[in-house]
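A.B. asks: One-letter residues, chain by chain:
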Amino acid sequence: MPHDHHEPHSLLPSDPELRARALETILVQKGLVDPAALSALIDTYQNDIGPQNGARVVARAWANPAFKARLLSDATAAIAELGFAGRQGEHMVVVENTAAVHNMVVCTLCSCYPWPVLGIPPAWYKSDEYRSRAVKEPRAVLAEFGVALLGSQKVRVWDSSAEVRYLVLPMQPEGSHELDEGALANLVSRNAMIGTALAGAE
Amino acid sequence: MTRAHDLGGRPAGPVPDKDDTVVFHDSWHAKALALNLASGALGAWNIDASRFAREQLKDYATLSYYEKWMAGLANLLVERGLVTEAELSGDVPQSQLTPKALRAADVSAAMHKFMPYTRKNGPTAQFQMGDKVRTLSAPQAGHCRLPAYAAGRVGTVILSHGNHVFPDTNARFQGENPQPLYTVEFTAATLWGAAAENPDDAISLDLWQPYLEPL
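Here the protein sequences come in this chain order: G and E.
Residues in the first sequence are numbered from 1 upward in steps of one, following our numbering.
Residues in the second sequence are numbered from 1001 upward in steps of one, following our numbering.
This is chain E alone, in the form it adopts within the complex (with noise of 0.2 Å):
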């Protein structure tokens, strides 16, 4: 697992158009994004496995922005087995509509359907705001949440968020796996030691219970 998405700390050059306001640059953008909305509606993959998706590519890279959203997107309908490598090549025989599809009357009351990741299910939260906790040494193979940057480190557990759809196991269709969620906030020295522009800045990442072991 290279994590080619797992970018925070890394050296990089000035931030490009700050002020830019389009919200779409190209019309394949928006088509870009409406796809995967559209197709992610009809409840084949969850969003940590088209994040995942994304991740993986071998291009990831150097695919720009919505290149990955469409070739994760394309990688995600043959895996679910929505669309052959057949078809993703060639001509498609003409199908109805799909009853789960998305149908235009509906998309803005989806779009603002709350749909919570809390769950009253999973283990009870072992740590309280307040404790100090440090994260796993890397990592872990696979979806995993837990930055690089911020891996091995101590923080302070700032807010506590309940039990959350664990990305870990619900990228892999291997469950929902609901766990404790936190704020956990670090130091910019204990992030980054010496080279911190501040030392007493601070970093918040929100962290899984399983990414956290006690002090």
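Chain G extracted, bound-state conformation (with noise of 0.2 Å):
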């Protein structure tokens, strides 16, 4: 078809609620895809891989040392000893925020993101504008995120053009040294674990 260079889903509804629905009803009916499936996928990324466990790997490096030091030398291991693995966290490397240095993550090709340990990424993280800024003025994305850095502060921004996905790991916050892990979770958001939020921040 040299003069007729339409892409074959020009052929499904345009309007994306009814194209996700045409879509499903083919793969169904053709005996590709498993209904059962779709509602077990997304209850997976829904309720059991999120950011709550990217959170305990988080708490146990700050509550345990000896932790902390296999996470930074072997992420991916180091995290599988929570349970954490599997699809887009197969080759972790963590990377520590410290007075000297403040990291942040992004993709700037596509949405490379450590799904094991944050679960799905979020709107913002995808954005054209995330992506096209994040490496080329990151103190200002900082600024609009909120997060105030040291002036000792250089800034490394990790962006994910491979199967490598990163992890940051927040600062402790002043004053948590006596938390246990749970308590410690609760002060690591997920953007404290991508850079753009300090930990014990909102």
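Derived from the structure by calculation, the hints contain no laboratory data.
Where is the CB? At the ideal position from N, CA and C, for every residue including glycine.
Be aware that one or more of the hints could be misleading.
[Claimed, not checked] Derived pair list, reagent style SDA-like, types lysine to any residue, alpha-carbon separation capped at 20 Å:
hint : chain 1 : residue 1 : chain 2 : residue 2
1    : E       : K1120     : E       : G1162
2    : E       : K1100     : E       : A1110
3    : E       : K1018     : G       : Q46
4    : G       : K68       : G       : G182
5    : E       : K1120     : G       : A77
6    : E       : K1018     : G       : A148
7    : E       : K1058     : G       : P16
8    : E       : K1113     : G       : N47
9    : G       : K126      : E       : L1057
10   : E       : K1113     : G       : D48
11   : G       : K154      : G       : V95
12   : E       : K1018     : G       : A123
13   : E       : K1018     : G       : G50
14   : E       : K1113     : G       : S39
15   : E       : K1113     : G       : A85
16   : G       : K126      : E       : A1004
17   : E       : K1058     : G       : S10
18   : E       : K1018     : G       : A140
19   : G       : K126      : E       : G1013
20   : E       : K1132     : E       : R1153
21   : G       : K154      : E       : K1113
22   : G       : K154      : E       : A1196
23   : G       : K126      : E       : P1014
24   : E       : K1100     : G       : A36
25   : G       : K126      : E       : E1213
26   : G       : K126      : E       : D1020
27   : E       : K1120     : G       : T76
28   : G       : K154      : E       : P1199
29   : E       : K1018     : G       : C110
30   : E       : K1132     : E       : I1158
[To be verified] Cβ-Cβ distance ranges computed for the label pairs, FRET-style:
hint : chain 1 : residue 1 : chain 2 : residue 2 : range
31   : G       : S14       : E       : Q1128     : 48 to 54 Å
32   : E       : D1026     : G       : A99       : 41 to 47 Å
33   : E       : T1098     : G       : G146      : 45 to 51 Å
Reassemble the complex: the two chains are provided individually, in unrelated frames, and hints are given to aid placement.
C.D. replies: Right, dumping it as structure tokens:
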């Protein structure tokens, strides 16, 4: 069809809700997709796999120096100790925020994100705005998120262009050293583990 | 190749909805994701092919995120012969569920399964940590994971990851062709010159050996 370069998807309804329904109907009718599996997939990422997992990893690193050392040297294995592993987390690297460095993570080419510890990325992480600006003006983006950097901090941006996935280990908030892991985890927001918030901050 | 997806460094407005904690804003978003995961489990394509399918969409810049996922999926289903164009536009005869289909009972195990992208075969690593390298002067045609903003720039190898599946060939079903993968760090000054916010800030990318030249 040299003069007809239509893309196959244009044959589906253009309204996204109708399009999703049409695709589902076709795939189920053809015996390619089990509708119960769709519900199970949605439930998994709605309820089981999300930033509550990453917060437990961070809390354990704060509470347990030996675990933190393992996490920084072989993140995939250390994270698997807590039972978090799998799709989009096959090759984890944890980067530690210190008084000298503030880390933040982006995927400028698509939406790569460490699913086993953070779940499905939020819309802002996948937005054109964040993908465009995070590598060129990270300090302006951080200011927009309300992150106040220390004068001593250099910014390091990790653009996830392969199957390596990055998790930020935020600095532990002052005065939290007596807390147990459960309480520490409550101080760790999703954005703090992407690098667009500080731990303990709203 | 327009590389409409290659957004790094482009001017853009404020980042939207920064504190949003809703996983799926519409039921069709959830459905679009689940349809992609369930279809992907059939094994007719790989993750690089699914990214390439989305990048190639003519309407990449105007489709919303999950619209891209649905359009890319529909194109791949036809390209790989799982669904015909006639079926996309009309009624589909009912068939038995294929044994290859992902079952509900297997979903959790499938999503937690360790499926590394590292491979034992492929060339020897040419670079060591600390080496200076220069990236290709432009991204290669097709599916190439070297962003334009870092093309033709000098950086330093800071991590070495062993051999990983090479997306450029894998996306086109031309083989995994494993290649050494490195994390390469660039200074903001190297990438952005006088426009850098702070010349000593750093930006890192994960780059395969074929994207790199010795200095």
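A.B. asks: Run through the hints listed earlier and report the numbers of any the structure violates, in increasing order.
C.D. replies: 21 and 25
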